[in-house]
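A.B. asks: So the protein lines, in turn, are chains A and B. Note that the first sequence covers residues 139 to 250 in the working numbering. Note that the second sequence covers residues -9 to 106 in the working numbering.
One should not assume that every hint holds.
Below are the DMTMM-like pairs computed for lysine to aspartate or glutamate, each with C-alpha atoms no more than 20 Å apart in a straight line [said to hold, decoys possible]: (1) Lys249/A / Glu153/A; (2) Lys242/A / Glu34/B; (3) Lys14/B / Glu52/B; (4) Lys245/A / Glu153/A; (5) Lys245/A / Glu52/B; (6) Lys194/A / Glu180/A; (7) Lys242/A / Glu154/A; (8) Lys215/A / Asp192/A; (9) Lys194/A / Glu34/B; (10) Lys245/A / Glu201/A; (11) Lys245/A / Glu146/A; (12) Lys190/A / Glu34/B; (13) Lys198/A / Glu154/A; (14) Lys249/A / Asp192/A; (15) Lys198/A / Glu94/B; (16) Lys190/A / Asp222/A; (17) Lys249/A / Asp222/A; (18) Lys245/A / Glu180/A; (19) Lys245/A / Glu154/A; (20) Lys242/A / Glu1/B; (21) Lys14/B / Glu146/A.
The hints are simulated quantities; they were obtained by calculation from the structure and are not laboratory data.
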Amino acid sequence: GNSVTQMEGPVTLSEEAFLTINCTYTATGYPSLFWYVQYPGEGLQLLLKATKADDKGSNKGFEATYRKETTSFHLEKGSVQVSDSAVYFCAHHGGSQGNLIFGKGTKLSVKP
Amino acid sequence: DAGVIQSPRHEVTEMGQEVTLRCKPISGHDYLFWYRQTMMRGLELLIYFNNNVPIDDSGMPEDRFSAKMPNASFSTLKIQPSEPRDSAVYFCASSFSRLGGPSEQYFGPGTRLTVT
C-alpha cells in the first residue's frame, strides 16, 4: 500500500552543520512528492515539491531530488540556521485520490 | 490573499460538551481536509471532501465525530460529546484539482482543543 517512511528524530545539529533527513515511499505509479515544515505553534507549510522523476525541489536553501530508482526524496541543506528548528514532514499523493500520505515527521533542533 | 481560516484558534471545554470547529478553505479550492495532531499519534487524516462531498471518512475515530461541508467556502467538524482524549490540534487544509492530479495542500493555523 501507500506509505512514507522518514528517519526518526529528534535531530540536533549545530548552526551551519549539514542536514539530511531521509525519506522513502511506497506508492502506485509515480506520485508528486512533498516536504512540509511545521514551526512551533503553527500549521504545516509547503517547503518544496517535485512532480516527476529526477526533478529537484528547492526552497530556502533546502533541496530534495525525486529518485525513482530508490523511491526516495531525501531533504538536504548545506548550512542550517537556528531558525530552521521545526518538524519536517515528507509526503506523497495517495494515488489518484486527493489526499496526501504523510510520514511521521522529524523534529530538527539547531543549536547556536 | 487569505489562506485557510480556522476558528476558534483555542477551545477549552468540559467533558461531555459539544465542540464545533470551523474552517474556510482558500477560494477556488475544491478539496478540503480535516486532520488531527497529537504527540502520541502524530498527524492523522480524519476526513476529506471533494466538491463538498465526503470522499473518505475512514479516519473519523467514532460516531462522536461528524463533519459537514454545506458549501464550497465552509466546513465544520463537530465532536459530541467530547472526551479528554479528543484533546489535540485540529487542522483544516485545502487544495485544488489541476491537470495531472490534485495540487499540494494548504494548511490552516489549527485549533487547539483541550477537553477537561
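A.B. asks: Please flag the earlier hints that this structure goes against, numbers listed from lowest up.
C.D. replies: 3, 5, 6, 7, 9, 12, 14, 16, 20 and 21
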